[in-house]
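Enquirer: Read top to bottom, the protein sequences are chains A and B. Read in numbering that gives the first Met the number 0, the first sequence has 12 at position 13, and its numbers run on one by one without any break. Read in numbering that gives the first Met the number 0, the second sequence has 84 at position 85, and its numbers run on one by one without any break.
One or more of the hints may lead you astray.
In this list, chains with the same sequence are indistinguishable; a pair is considered to hold if it fits within one copy or across any two.
Said to hold, decoys possible - 25 Å max Cα-Cα, derived DMTMM-like pairs, lysine to aspartate or glutamate:
{"#": "1", "residue 1": "Lys50", "residue 2": "Asp278"}
{"#": "2", "residue 1": "Lys154", "residue 2": "Glu125"}
{"#": "3", "residue 1": "Lys50", "residue 2": "Asp277"}
{"#": "4", "residue 1": "Lys50", "residue 2": "Asp17"}
{"#": "5", "residue 1": "Lys180", "residue 2": "Asp129"}
{"#": "6", "residue 1": "Lys53", "residue 2": "Asp277"}
{"#": "7", "residue 1": "Lys53", "residue 2": "Glu238"}
{"#": "8", "residue 1": "Lys180", "residue 2": "Glu238"}
Treat the hints as calculated values from the structure; they're not laboratory data.
Protein chains: 2
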Amino acid sequence: MTPEVIPLGTASAIPTRDRHLAATALRRDGAMLLFDCGEGTQMQLVRAGLKRTKLEAIFITHFHGDHFYGLMGLLSTLALLERTEPLTVVGPERIEAIVRTLPGLANDWLPYEARFVEVPEDFEHEIVYDTDAFFVEARPVAHRIFTMGFRYEEKPRPGSLNVAQANALGVTDFAHYRALKVGEAVTLESGATVRPEQVIGPARPGSVFAYVMDTRPCENGVALARHADLLYHEATFGEAYAQNARDTGHSTACEAAEIAKAAGAKRLLLGHFSARYDDVAPLAEEAQAIFRNTEAAVELARYPLHPAPVPVD
Amino acid sequence: MTPEVIPLGTASAIPTRDRHLAATALRRDGAMLLFDCGEGTQMQLVRAGLKRTKLEAIFITHFHGDHFYGLMGLLSTLALLERTEPLTVVGPERIEAIVRTLPGLANDWLPYEARFVEVPEDFEHEIVYDTDAFFVEARPVAHRIFTMGFRYEEKPRPGSLNVAQANALGVTDFAHYRALKVGEAVTLESGATVRPEQVIGPARPGSVFAYVMDTRPCENGVALARHADLLYHEATFGEAYAQNARDTGHSTACEAAEIAKAAGAKRLLLGHFSARYDDVAPLAEEAQAIFRNTEAAVELARYPLHPAPVPVD
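Looking at chain A on its own, in the form it has when it is part of the complex (with noise of 0.2 Å):
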């Protein structure tokens, strides 16, 4: 399946009647991935048709409640659904004894292994969770207190055989199309020696989503949203409130539309939207006016990670 990127919230700070507290899903092949697990995201994922059994990491920015506190509850619930499955948890320095401090979340009384990755605060940019398919990095962000952002990125899948290329070769045997496509050569029957760059096509790049919540724009945003097909970056505030802004280490939607076109990103979510706002079409629209592909987050709603094409601005 193409993964989907799902906000389940976009509120900061205070949930209100229509925005949840910040989380984000990710959902690929059969496993899910979550980004901030503020309080009540269970519950969204459930409203969201996704399958708590199927996570299998949680990458946490910071320790302002609202990116949190929803943690403790999640696991456990997964606990209650009896998972045996490991479960990654990367945070900041200090997670682990914050979560195990809950009464019910003690090592001993889950029944999964619960890993948790605690990144320290003097890191510059670190691999926090790789897999055979994927990778997610970790940098530092410039926010109030130590916050991370994240940027999911699939790793480069080996290039198609051509078969008809392939036949005219003289290649016809299922064992010499498995050696070619795993970058093998092959020697036919007639001694003919044919090589894997001689039939396979180029390796099809990963797709790459970058999370980039609560913070002021900084290089390491565009470093982690660097040709990303989705960009994901908070945008509190509008241009009107550009000083609320500064003063407590957010973005307004025009920086992040200045990240989205620095880092040469695809396509621009915003969200994180403060209180203030009920309708946030017009902080799409001060963004869009600097970079086009622009949207304001819907909760729930899902953004299929198709490398899209870049439109011409």
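For chain A, the structure is supplied; the task is to place chain B on it using the hints.
Expert: Quick look at chain B alone, frame taken from chain A:
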């Protein structure tokens, strides 16, 4: 205003698409109490149209996550709303240390005073909150871990002045009315003395609400619910799962009804329903065979704490 009880969450353990985690508001004369505070309570308060700022005390029954993981987010939001009035939090021992461990909830950060009242496990019964108008009593109940039930009881209000009777006795002066109302005898110009009991009706009893969650049926459940205008008792299971109730330290709907009957309660609300029930009407029907004035609690509905007429059984 007539006090109202507003169930905010009627789920047990795991939230479902339709039911939220345990929390119940009691609203009276510009103030609000909260019994339990499961994850998502602050959002349910918004949906219920209840002002979070009116909250004056929170009562946590026990340390299972579904009853208190929403406390941290709510305390944090009250800080963001710039609360300055003190807030009382009643709960089992250690509750303050647990809350203070979370980043953002350390003592020096909250702009208001959080007054924790910690109840030791070996208590028998105790007034845990007391005001001029009402008090809240706690008693231990019978769950898997230390758990309390709560009884909200309004203090009797003085009886009404019978003005016609007072006039007939020669009392016409407002200062005399006031004196009689606060229990003082008055001497008229004629030299006659009028005593309060001659013109003031009987004291009017206050209303009583009992909150009995997460317990096997027990004597303290009956004590808490004695003559209550409204008993909100957990009913995690129906009769078909009575063994599950015994195994997990919970009650069936019928057991809740037996408690209401034994206590002489006037009205019974059932809640804390297992996620296995999509429709909880059959649980209420089972209970009605034992205690007629029973309903399944509806989230966000308002149950006035009017002394309701006792149904004739």
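Enquirer: Evaluate each hint against the coordinates.
Expert: Status of each hint after checking the structure:
1. Taking CA atoms no more than 25 Å apart as the test, Lys50 paired with Asp278 passes between copies only; the shortest distance there is 22 Å, against 30 Å inside one copy.
2. In this assembly of identical chains, Lys154 and Glu125 lie within 25 Å of each other by CA distance solely inside one copy; the values are 16 Å within and 62 Å between copies.
3. Taking identical chains as interchangeable, the C-alpha atoms of Lys50 and Asp277 lie at most 25 Å apart only when they sit on different chains, with a minimum of 18 Å there against 30 Å within one chain.
4. When the C-alpha separation of Lys50 and Asp17 is checked against a cutoff of 25 Å, the pair qualifies both within a copy, at 23 Å, and between copies, at 16 Å.
5. In this assembly of identical chains, the alpha carbons of Lys180 and Asp129 lie at most 25 Å apart only when taken from the same copy (23 Å versus 76 Å across copies).
6. For the homomeric pair Lys53 and Asp277, the shortest alpha-carbon distance between copies (23 Å) is at most 25 Å, but the shortest distance inside one copy (33 Å) is not.
7. For the homomeric pair Lys53 and Glu238, neither the shortest alpha-carbon distance inside one copy (39 Å) nor that between copies (33 Å) is at most 25 Å.
8. With identical chains, the CA atoms of Lys180 and Glu238 are never at most 25 Å apart, being 52 Å at best within one copy and 61 Å at best between copies.
Taken one by one, the earlier hints fail for this structure at numbers 7, 8, listed in ascending order.
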